[in-house]
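Participant: Spelled out, the chains give:
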Amino acid sequence: TQLLEQSPQFLSIQEGENLTVYCNSSSVFSSLQWYRQEPGEGPVLLVTVVTGGEVKKLKRLTFQFGDARKDSSLHITAAQPGDTGLYLCAEVRNNNDMRFGAGTRLTVKP
Amino acid sequence: DVKVTQSSRYLVKRTGEKVFLECVQDMDHENMFWYRQDPGLGLRLIYFSYDVKMKEKGDIPEGYSVSREKKERFSLILESASTNQTSMYLCASSTRDRKNTGELFFGEGSRLTVL
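Top line first, the protein sequences correspond to chains V and Y. Residue numbering for the first sequence follows my numbering, starting at 36 and increasing by one per position. Residue numbering for the second sequence follows my numbering, starting at 556 and increasing by one per position.
Derived from the structure by calculation, the hints contain no laboratory data. Misleading hints may appear alongside valid ones.
Said to hold, decoys possible - Derived CB-CB ranges, DEER-like:
1. Y:568 - V:102: 46 to 52 Å
2. V:52 - Y:622: 43 to 49 Å
3. V:117 - Y:570: 18 to 24 Å
4. V:38 - Y:643: 17 to 23 Å
5. V:102 - Y:615: 28 to 34 Å
Claimed, not checked - Facing chain V, according to a computed beta carbon distance under 8 Å, are these residues of chain Y, among others:
6. 571
7. 597
8. 606
9. 607
10. 615
11. 616
12. 617
13. 618
14. 632
15. 633
16. 661
Glycine included, every Cβ here is placed at the ideal spot set by N, Cα and C.
When you get a sec, could you build the whole thing from the sequences and use the hints?
Facilitator: Rendered as structure tokens:
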């Protein structure tokens, strides 16, 4: 069974700082998604990456998919309190069901 | 606005009770899913369904069953609730996507406590 490992598990930073969180697998991803979950809500899709080496940007968020498609990172520039939440990576398996990592819980303090 | 609606945000049940968690989506999605979310374990797939009256076991189906009588509705059933089923339950739906890049749309979750 492929495991998705996310690191760090917890991250607490000040507003304006940069940060990177990671998602790693023991084998190759077919495609990978990042979701953000705010307290009391369900996860919401941020991005899907499919091609090895792919980089996608969403405002202050930069997503990278490793060349070998076994790892991914999410970098946030100048974090804001509104970025607070649980960041989840998920592997897309057959028929669109997902396997999720345990997540990185980010707190951005004003 | 697309929506996945879970019937109960918070439930408290006693050990041995039968529990129904209802989920309705208004996006005409073929696929529907039930996950449970526990701290440090992420989201784990319980059951999913690709079509009406179809169901497939996920990674942790023991102690659960599901029903999909209509396309828009997917119900999770705990026949005899136990304390280790205390958790946050998340329903999700997605359209069928042969490229396997489909987006999951989640409900707000149902937090179940079993005493």
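Participant: For every hint, state whether the structure bears it out.
Facilitator: Status of each hint after checking the structure:
The hint said 46 to 52 Å for the Cβ distance between residue 568 (chain Y) and residue 102 (chain V), and at roughly 49 Å that hint holds. For residue 52 (chain V) paired with residue 622 (chain Y), a C-beta distance near 48 Å keeps the hint of 43 to 49 Å intact. Under the hint 18 to 24 Å, the C-beta atoms of residue 117 (chain V) and residue 570 (chain Y), about 40 Å apart, miss the expected range. For residue 38 (chain V) paired with residue 643 (chain Y), a C-beta distance near 21 Å keeps the hint of 17 to 23 Å intact.
Separated by about 33 Å at the C-beta atoms, residue 102 (chain V) and residue 615 (chain Y) satisfy the suggested range of 28 to 34 Å. For residue 571 (chain Y), the shortest C-beta to C-beta distance to chain V is roughly 29 Å, which exceeds 8 Å, and the interface hint is violated. Interface restraint check: residue 597 (chain Y) against chain V, minimum CB-CB distance 4 Å, threshold 8 Å, status holds. Proximity of residue 606 (chain Y) to chain V is violated relative to the hint, the smallest CB-CB distance being about 11 Å (cut-off 8 Å).
Interface restraint check for residue 607 (chain Y): the shortest CB-CB distance to chain V comes to about 16 Å, outside 8 Å, so the restraint is violated. Using the Cβ-Cβ criterion of 8 Å, the hint placing residue 615 (chain Y) at the interface with chain V is not satisfied: the shortest such distance is roughly 12 Å. Because the closest C-beta pair between residue 616 (chain Y) and chain V is about 13 Å apart, greater than 8 Å, the hint is violated. The interface hint given for residue 617 (chain Y) is broken, as the beta carbon of that residue sits about 16 Å from the closest beta carbon of chain V, more than 8 Å.
For residue 618 (chain Y), the suggested interface contact is broken, since its CB lies about 19 Å from the closest CB of chain V, more than 8 Å. Because the smallest distance between the Cβ of residue 632 (chain Y) and any Cβ of chain V comes to about 20 Å, over 8 Å, the interface hint for this residue is violated. A cut of 8 Å between beta carbons decides the hint on residue 633 (chain Y): the least distance to chain V is about 20 Å, and the hint is violated. Restraint check, residue 661 (chain Y) versus chain V: the minimum CB separation of about 3 Å is within 8 Å; hint holds.
Violation of the numbered hints given earlier is confined to hints 3, 6, 8, 9, 10, 11, 12, 13, 14, 15; the remaining hints are satisfied by the structure.
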